[in-house]
Structures are given as C-alpha cells and as structure tokens.
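Protein chains in written order, with full-length UniProt numbering: chain D, 1 to 103; chain H, 1 to 103; chain P, 1 to 103; chain R, 1 to 103.
No lab work stands behind these hints: they were computed from the structure.
Careful, some of the hints might be misleading.
If chains are identical, the list can't say which one is meant, so a pair holds when it fits in one copy or spans any two.
[Stated by the list, open to error] List of simulated lysine to aspartate or glutamate pairs, EDC-like, C-alpha gap at most 20 Å:
#1 Lys64 with Glu36
#2 Lys95 with Glu47
#3 Lys64 with Glu15
#4 Lys64 with Glu26
#5 Lys95 with Asp53
Given next are the chains, with one letter for each unit.
There are 4 protein chains.
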Amino acid sequence: MVLLEMSIVPLGQGESVSQYVARCVEIIERSGLSYELHAMGTIVEGELGQVLDLMRQCIEEVAKSANRVTCTAKIDYRQGVTGGIRSKVASVREKLGRVAGPN
Amino acid sequence: MVLLEMSIVPLGQGESVSQYVARCVEIIERSGLSYELHAMGTIVEGELGQVLDLMRQCIEEVAKSANRVTCTAKIDYRQGVTGGIRSKVASVREKLGRVAGPN
Amino acid sequence: MVLLEMSIVPLGQGESVSQYVARCVEIIERSGLSYELHAMGTIVEGELGQVLDLMRQCIEEVAKSANRVTCTAKIDYRQGVTGGIRSKVASVREKLGRVAGPN
Amino acid sequence: MVLLEMSIVPLGQGESVSQYVARCVEIIERSGLSYELHAMGTIVEGELGQVLDLMRQCIEEVAKSANRVTCTAKIDYRQGVTGGIRSKVASVREKLGRVAGPN
Chain D
1 MVLLEMSIVP LGQGESVSQY VARCVEIIER SGLSYELHAM GTIVEGELGQ
51 VLDLMRQCIE EVAKSANRVT CTAKIDYRQG VTGGIRSKVA SVREKLGRVA
101 GPN
Chain H
1 MVLLEMSIVP LGQGESVSQY VARCVEIIER SGLSYELHAM GTIVEGELGQ
51 VLDLMRQCIE EVAKSANRVT CTAKIDYRQG VTGGIRSKVA SVREKLGRVA
101 GPN
Chain P
1 MVLLEMSIVP LGQGESVSQY VARCVEIIER SGLSYELHAM GTIVEGELGQ
51 VLDLMRQCIE EVAKSANRVT CTAKIDYRQG VTGGIRSKVA SVREKLGRVA
101 GPN
Chain R
1 MVLLEMSIVP LGQGESVSQY VARCVEIIER SGLSYELHAM GTIVEGELGQ
51 VLDLMRQCIE EVAKSANRVT CTAKIDYRQG VTGGIRSKVA SVREKLGRVA
101 GPN
C-alpha cells in the first residue's frame with residue numbers, strides 16, 4: 001500500500017484555496033479510500049495506481065476553474081504495510097515515550 | 001506567521017525513519033512553537049526565520065547519524081494570519097458543510 | 001500539457017541513488033516524451049495521464065530493488081502551453097534582460 | 001555542502017510567475033553561490049545556513065508583492081561533497097553509458 005500526500009493550488013484565482021480543497025475532498029471521499037486532511041495537504045492510502053488516478057481526477061477538477069494549476073505530491077511506497085496513516089504517527093509517539101492519543 | 005511542513009529522511013540508514021522523526025519532534029517541542037505531526041511530515045507554525053532555523057537544527061541533528069540527509073519542505077507564508085494549523089482544516093470542513101471535529 | 005518533476009529515492013539502499021535514477025531515465029526515454037535531468041530530479045512533459053503513468057512505472061521499477069521507496073513530485077498543469085521545459089526558463093531570462101543561452 | 005532546490009509562488013497574483021522568479025534569481029546572483037535555474041525551480045549550492053537564509057530572503061522579496069506566498073523546497077545534505085549541481089547529473093549519465101555533455 002502507498003501513502004500519497006498531495007496539495008493542489010490554482011494560480012491566479014485569489015489567495016484562498018479552501019473551496020478547491022473541499023472539491024478534492026469530495027472526490028476522495030467518493031473513492032472510499034482512507035484519507036486525512038491536514039493544514040498543508042491531504043493524505044490518501046491505497047494502491048499506487050488508485051491514488052495516482054485520484055490525484056489526476058483532483059487536478060482535473062481544479063483545472064475546471066483555473067487555467068494553471070500546481071500540485072505538489074509525496075509518495076511513501078512501502079511493501080507489505082497497511083494502515084500507515086495512523087501507524088506512522090503512532091511509531092514516532094512510541095519512540096518519544098508517549099501513549100497513543102490525539103496529536 | 002508561517003506554516004512550515006517538513007520531512008527529513010537519512011539515506012543509507014535502513015527503511016525505518018521514526019527514530020529520526022522522534023529526535024526532530026523533541027527539538028521542535030523545546031522551541032515552544034505550535035506543531036502537528038502527521039503521517040507524511042511535521043507542521044510547525046512560527047515566524048519565517050524561526051521555522052527555518054528549526055528546520056536547520058533538525059537537519060543537523062539527523063546528519064549526526066547519516067552522511068546524507070534529504071529534506072522536503074513546504075512553506076505557507078500568509079501575512080496577518082495566525083493559528084493556521086487548525087483554521088485551514090476548519091475552513092475546508094466548513095465548505096464541505098461539516099461541523100468542526102476530529103479529522 | 002503538463003510538466004511533471006519527480007525524484008524517486010529507495011530507503012535502506014545506501015546513500016548513492018544515481019543507479020536508480022538511470023533506470024528511471026531509461027523508462028522515460030522509451031516513452032518518447034521530452035525530459036530534462038537536473039541535480040534534484042527529472043522533468044517530463046506530456047499529457048497528465050501520460051506523465052503520471054510514467055511516474056508509476058518508475059516507482060515500480062525502483063521498488064523492485066527496495067522494500068520502501070519515496071517519491072516527491074511537482075506538477076505544473078497549464079492549459080494551452082507546450083514546450084514549457086525550455087520556455088519557462090527563457091521567460092525568466094528575458095525578465096532578467098539576458099539573451100537565451102546556456103543556464 | 002548542501003543543494004537546495006526551491007520554487008516560490010505568490011497566490012492571487014495572476015498565473016504568470018516568471019517576474020517573481022527573476023527577482024529571486026537576482027538575489028541569488030548577489031550571494032555569489034552557484035545556482036541553476038530549471039523549468040520547475042532553482043537549485044543553489046552552499047552551506048546549510050547560507051542557502052536557508054537565501055530562501056528566506058527570496059520568500060520575503062516575493063511577499064512584498066503578495067499577501068500569500070507558497071514555497072516548496074528540497075534539500076540534499078551530503079557531507080564531504082561539493083559541486084553536486086554538475087556531478088549528480090554526470091553520475092547518472094555515466095550509469096547510462098553516456099559521455100558528459102548537454103542534457
């Protein structure tokens with residue numbers, strides 16, 4: 001399984017981008033994949049082909065409203081690991097000697 | 001205020017990096033700045049000079065254990081806005097018609 | 001057309017990554033798309049679906065040699081523009097009052 | 001020595017960003033550090049503190065013209081290596097069995 005973090009920003013459309021993020025979140029929710037929204041992007045967990053196809057759909061959705069769109073993405077491809085959205089943070093907290101809980 | 005998202009990875013040190021993230025989180029906690037850890041990086045809020053200095057300290061800490069270190073970072077510099085770690089996610093949730101709550 | 005910049009790094013495989021980059025460049029060359037290799041990544045120009053499929057192939061190629069692979073990517077999606085690998089740099093040089101030439 | 005790749009984009013200022021890149025290139029040139037401009041960002045080589053300070057100056061320069069500025073950056077920190085802007089590409093070309101030359 002793969003974690004994909006992405007952040008999509010239209011250029012020349014004002015400085016607020018939350019309406020575009022919301023439209024992408026709706027696409028991600030329809031996919032049924034696990035996801036997490038944070039202040040600098042959205043993380044999705046799935047197979048590599050699935051998450052890249054989702055990124056393509058999100059970019060094309062934002063491009064309906066803007067002639068130019070930039071997207072930054074990061075992929076963590078780890079064979080044999082699932083549930084990474086939660087387990088990676090838990091693993092760091094464990095090293096810090098903290099019990100699991102809200103960040 | 002600025003949001004800085006960073007992810008620091010040593011090369012050639014095995015495939016688990018959580019111990020290095022934990023050491024960076026300790027440096028960030030000592031700074032007293034607001035931060036949030038997620039599965040693909042850590043977000044810190046502060047003045048531009050502050051967060052870049054923190055990133056330098058974290059890279060140098062990881063470089064104590066590895067000859068080569070890569071760091072990816074993203075900065076959201078927005079004049080006159082504070083509390084962005086929480087408010088950006090809340091703004092997207094509002095557009096989605098959701099009340100505030102756990103992600 | 002889209003510019004995709006990507007950088008793929010296997011974890012736990014030593015600190016030199018040029019052999020993995022070379023294998024990705026061979027995949028990109030076979031695609032026939034325009035590309036440019038620089039010190040921090042590789043830029044490819046094509047349709048959105050094409051360049052994402054190429055990125056997937058490159059990640060899967062590197063994953064043959066490593067259990068964990070990270071990839072950072074940036075996409076510049078600009079409708080109606082082609083040749084951006086060259087024209088974007090030329091546009092900056094023009095603003096600087098320089099004639100076109102080697103960087 | 002460190003390679004820093006950065007890309008700075010103002011939000012809400014139109015879809016062309018080359019004038020902002022040009023102003024950053026002027027700041028980088030005044031620093032005297034080696035740099036390379038490509039279609040998706042600018043690479044600078046220097047000490048970690050130097051290149052981060054340069055990034056801060058560039059962000060602040062672009063922020064004079066825009067209320068919101070985003071910056072993506074990647075750092076390759078490799079102890080005992082200099083000249084990486086050229087040598088990294090040369091190393092890949094060597095693996096590909098090509099002699100050095102224009103990309």
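Status of Glu15 relative to Lys64 across identical chains (alpha carbons, at most 20 Å): The answer is both: 17 Å in one copy and 15 Å across copies each meet 20 Å.
Alpha-carbon proximity context of Lys95 and Asp53, limit 20 Å: neither (35 Å within a copy, 24 Å between copies)
Lys95 and Glu47: within-copy, between-copy, both or neither at 20 Å Cα: neither (28 Å within a copy, 28 Å between copies)
20 Å Cα threshold - placement of Glu36 relative to Lys64: neither (24 Å within a copy, 28 Å between copies)
Intra- versus inter-subunit Cα pairing at 20 Å for Lys64 with Glu26: within (15 Å within a copy, 34 Å between copies)
Violated hints for the displayed structure, listed by number in ascending order: 1, 2, 5.
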